[in-house]
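J.: Each chain, letter by letter, is given below.
2 protein chains.
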Amino acid sequence: MSEERIIVQKYGGTSVKDPERIKAVAQRIKAYRESGYSVVVVLSAMGKTTDELIDLASEFSENPSKREMDMLLSTGEQVSVALLAIALHEIGVDAVSYTGSQVRVRTDGNFSNGRITNISTGRIHKSLSEGKVVIITGFQGIDDDENIVTLGRGGSDTSAVALAVVLKTRDCEIYTDVDGVYTADPRVIASPKKLKEISYDEMLELARLGAGVLHSRSVEFAKKFSIKLHVRSSFSDEEGTSVMPTEEMMEKFVISGITSKQDESKITVRDIPDKPGIAARLFNELGKQKIYVNMIVQSTGHDNRASISFTVKKDDLKKSIDICNTMNREFGATAIEFKEDIAIVSAVGVGMLSSYGVAGKMFSILSEQNINIEMISTSEIGISCVVDAIYAELAAKVLHKAFIEV
Amino acid sequence: MSEERIIVQKYGGTSVKDPERIKAVAQRIKAYRESGYSVVVVLSAMGKTTDELIDLASEFSENPSKREMDMLLSTGEQVSVALLAIALHEIGVDAVSYTGSQVRVRTDGNFSNGRITNISTGRIHKSLSEGKVVIITGFQGIDDDENIVTLGRGGSDTSAVALAVVLKTRDCEIYTDVDGVYTADPRVIASPKKLKEISYDEMLELARLGAGVLHSRSVEFAKKFSIKLHVRSSFSDEEGTSVMPTEEMMEKFVISGITSKQDESKITVRDIPDKPGIAARLFNELGKQKIYVNMIVQSTGHDNRASISFTVKKDDLKKSIDICNTMNREFGATAIEFKEDIAIVSAVGVGMLSSYGVAGKMFSILSEQNINIEMISTSEIGISCVVDAIYAELAAKVLHKAFIEV
Chain X
1 MSEERIIVQK
11 YGGTSVKDPE
21 RIKAVAQRIK
31 AYRESGYSVV
41 VVLSAMGKTT
51 DELIDLASEF
61 SENPSKREMD
71 MLLSTGEQVS
81 VALLAIALHE
91 IGVDAVSYTG
101 SQVRVRTDGN
111 FSNGRITNIS
121 TGRIHKSLSE
131 GKVVIITGFQ
141 GIDDDENIVT
151 LGRGGSDTSA
161 VALAVVLKTR
171 DCEIYTDVDG
181 VYTADPRVIA
191 SPKKLKEISY
201 DEMLELARLG
211 AGVLHSRSVE
221 FAKKFSIKLH
231 VRSSFSDEEG
241 TSVMPTEEMM
251 EKFVISGITS
261 KQDESKITVR
271 DIPDKPGIAA
281 RLFNELGKQK
291 IYVNMIVQST
301 GHDNRASISF
311 TVKKDDLKKS
321 IDICNTMNRE
331 FGATAIEFKE
341 DIAIVSAVGV
351 GMLSSYGVAG
361 KMFSILSEQN
371 INIEMISTSE
381 IGISCVVDAI
391 YAELAAKVLH
401 KAFIEV
Chain B
407 MSEERIIVQK
417 YGGTSVKDPE
427 RIKAVAQRIK
437 AYRESGYSVV
447 VVLSAMGKTT
457 DELIDLASEF
467 SENPSKREMD
477 MLLSTGEQVS
487 VALLAIALHE
497 IGVDAVSYTG
507 SQVRVRTDGN
517 FSNGRITNIS
527 TGRIHKSLSE
537 GKVVIITGFQ
547 GIDDDENIVT
557 LGRGGSDTSA
567 VALAVVLKTR
577 DCEIYTDVDG
587 VYTADPRVIA
597 SPKKLKEISY
607 DEMLELARLG
617 AGVLHSRSVE
627 FAKKFSIKLH
637 VRSSFSDEEG
647 TSVMPTEEMM
657 EKFVISGITS
667 KQDESKITVR
677 DIPDKPGIAA
687 RLFNELGKQK
697 IYVNMIVQST
707 GHDNRASISF
717 TVKKDDLKKS
727 IDICNTMNRE
737 FGATAIEFKE
747 DIAIVSAVGV
757 GMLSSYGVAG
767 KMFSILSEQN
777 INIEMISTSE
787 IGISCVVDAI
797 YAELAAKVLH
807 KAFIEV
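Here the protein sequences line up with chains X and B, keeping their order. Mapping the first sequence onto this note's numbering, position 216 (from 1) lands on 216, and the numbers just tick up by one. One rule links them: number in this note's numbering = place in the second sequence (from 1) + 406.
Just so you know, these hints were derived from the structure itself, not from any lab. The beta carbon of each residue, even a glycine, is placed where N, CA and C say it ideally should be. Some hints could be false.
To give an idea of the chain B side of the interface with chain X (calculated C-beta under 7 Å), a few residues [stated by the list, open to error]:
#	residue
1	Pro470
2	Leu478
3	Thr481
4	Gln484
5	Ala491
6	Gln508
7	Phe769
Using 30 Å as the maximum straight-line C-alpha spacing, the simulated DSS-like pairs for lysine-lysine come out as follows [stated by the list, open to error]:
#	chain 1	residue 1	chain 2	residue 2
8	B	Lys745	X	Lys48
9	X	Lys48	B	Lys429
10	X	Lys48	B	Lys454
11	X	Lys66	X	Lys397
12	B	Lys454	B	Lys423
13	X	Lys30	X	Lys252
14	X	Lys23	B	Lys472
15	B	Lys720	X	Lys30
16	X	Lys66	B	Lys436
17	X	Lys314	X	Lys252
18	X	Lys66	B	Lys454
19	X	Lys17	B	Lys423
20	B	Lys807	B	Lys720
21	B	Lys454	X	Lys23
22	B	Lys602	B	Lys436
23	X	Lys132	B	Lys472
24	X	Lys48	B	Lys423
25	X	Lys66	B	Lys634
26	B	Lys807	X	Lys66
27	B	Lys454	X	Lys17
28	X	Lys23	X	Lys168
29	B	Lys602	X	Lys66
30	B	Lys472	X	Lys17
31	B	Lys807	X	Lys126
32	B	Lys532	X	Lys66
33	B	Lys454	B	Lys720
34	X	Lys23	X	Lys290
35	B	Lys436	B	Lys538
36	X	Lys319	X	Lys361
37	X	Lys275	X	Lys252
What the simulated footprint calls covered on chain X by chain B, stretch by stretch (three residues with Cβ under 8 Å from a Cβ of chain B suffice, anywhere in the stretch; the number is not a length) [stated by the list, open to error]:
#	segment
38	44-57
39	78-87
40	243-253
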C-alpha cells in the first residue's frame, strides 16, 4: 500500500452551522478523498452552540468552575464530529469520529485555556490506513488525569495545526466564512484585495490589531513548526490565502494590510518621575486586573519626568483610570488625562523591513487630510497611529489607496 | 476519617429538564450531604435532549452508524453532569462531574445497547474521600478501545444500579417524575394505591406489561446483585416504592398491580401440523425481523394439528401477517387469522404463588361483565387475559376493585 498524502482540514462553526452546511463539508471531503488524500478533519461546534452553552451555564453561576465549563463546552464539538461522520457514511465515505480524549490530545491542564503538549497518532494512523476519514473534535484535549481541557479562543485552529505537526504534513487548510485574508476590512474599504500569501508575522500583527481571521496562538504554533496554513472559505472553491514563512513567499508587499481598530480609548499619565519600575508596576497592575493594553508610548519630558500614553478597550477605560488614580498616590504624576474615542490605524507588511520612508509617507498622507496623529508606535512589520475615532474610516481609506491600490 | 455511608441517586430526564429542576436536584443532594451521606449521582440527559439529537441525526441518515450515534447521544448526559456540578458549587457543595469514560464504565462494546461489564471505583472513592459529590453521566460507557457505547433504553437506571454494585452499597434511589409504583395506571383507575414495596419479579412483570417505571434491564441487574431500588419523585419529598427481594418484603399482596396494555393485535395460525420446530421457526423469524411478541398460547386441536395464537404490537401487525403467510407455504396451516384491536389485561402479584383461586376469581369477574376472554397466559406471578380492546378499561377497573380496593 502506498503512503497517501495527509491533509488536515479544519472547519469552523459557520462551516458546520446546520445540517446543510455539514453535508456540504462532507461533499468537499469526499472530493479530497477521491483525489487521493488521506483526510484528517478538525471541527468546531455548530454555529452558536458554544455561546448557547455558556448562556446555559450562566443561569447557574456568574463564575462557574473552569473544569466543569470545559466538561460542558466540549460537548459542542462532539456533536459536530458525530454528525459529520454520519453525513460521510451516507455518501459512501468511510469515516470515524474521535474526541480529544480518544486520540490523547494532551494539554498542560490549564482549564479553559489549555496548551497542547502532545497528541498520540497511533489511532489516527490506524484509521487512515483503513481508508477512513478521521474526524477529531477541535478546541479540546485532556490533562494527565483525563479531565477535559479546552484550548480557549481559536482553539480549533490550534488543534488543526498541532495535528499537522504530529502527522508530519505541511498541508493544513483552515475553512472559515471568509475566503481569505484581505488587505483591509471590506466593511470599510470598498474593494480590498485578497492576499495570496501572508507571512506568520504579518498575520500575528493583524490578529493583534483585531483584523485577523486566525487567532494568534494558532499562528504562533504554525510559525514555530513551519506549518503552511491555507485560509479559505467552505462556501466556495476559490483559493484562499496561504500563511507561511516570510522566506517562502513569492512576493513580499511593502504593505499587505491596512487596519483600523475602533472602540479604543487613550490614557495619558503626565509627568511622572522618570525612574525605573514605575511603568512596570502600572502595566503589571493593569494586567492583573485583566485589562488588555494595546499600544504604549513613553516620551521623556522636562525635569527628568516622562509621560506615558497607552490605549485600552473602551469598555475598560473607567476601570483603567481608577487604577491609574489609585497608583498615582505613589507616582505623583501631574495629571491623568484620557480620550474616550480613538482609533488605531495601522499599516502592516513584511516588505517594510527592506523599504525606506514608509513611516514618513504614512504621516504625510494622514496630514494631507488634516488628521492629527496622537500616538505613533512602530514594529518591524507595522506602523500604528492613534487618531481621533471620527477619522478611523477616512484614514484607512486614504492609506489603502496610497499603499495598496497603486 | 470515619467511613461515610454511600448513596447512589439517579435523576431522570424530567428531573433535570431545565435549570430550575437542576437547581432543585442540587438542593436535594445538599440535604443528603449535610445528613452525612457520601453521594454519587447518576444523571440522564436534560428533558428531550436525546430525542432532539436523534432527530438531528435523522436529517443525515435513516440508518446512522450506531457507533456515531453513541458518540452523539452521550453528549446529552455530559451537559447535565457539568451543569449540576456548577449548580452544587454555587450553593457551597463541593462536587465533580465525570463521564462514563473517565470512571471507566466498561461495556461489552455493543453500540447503542451495551451491557456494563465493570466500573473502576478508584477515582470515585478518591473524590468521595475529598468530600466531593461525584456526578456521573448515566446511559454510557466505553469499550476496550475507548469508543463510547450507550446502554440503550433505561440505561441510566442500569448505570445507577451498576454503581451501587461496585460501590458496595444497597442504597440506590431512582428519581423520576412519578412518586412510586402504583397498583394501576392513574389514567385508567381513579385512585390507585401506591405500593410501599414491590419485588423484582413483580416489577419485571409490570415492565413487560408496559406499566413499569423502570426498564427491565436495570431491575434484572438489581435483582442479580440484591440492590434495593427506591423509586421516588424528585418533585416531592414523599417516600416512593422500594423494589426489593421477595423474601425481604414486609407484606406480600396477592395482587399488587393491575395492568391493561393496549395497541396490541392478535394473530392466530390455525391447524398447523403439531410437530416439533414449527413454532420455533416462526418465532425466530419474527424475532429476526425485530417484532416483539408479547403473549404466546398454543392449543392442540384435532388430527394432530395445533393452533398458535400470539400478540404483537399493532404497528407490527401487517409485517407479522406477511411473515406468517410466507412461512405458511411450508407449514400448511388452514388459516392465518388476526384481530387488530385487543388489550392484554393482567393481574400481577407475588402473593399469587401462595394463594389459590386467583385465576378462577379473575375469570369470573370478567365474565360477570360479559367480557369474553380470547387468550389466557399465566406465569408464577401473573395472569394475563386477552380481551377486545373496547373492554380494556372496564376490565382493569373491575379487577382493581375486586383485588385491590377490598
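J.: Going through the numbered hints above, which ones does this structure break? Give me the numbers in ascending order.
T.: Numbers 7, 8, 11, 13, 15, 17, 25, 26, 29, 31, 34, 36, 37 and 40, in rising order.
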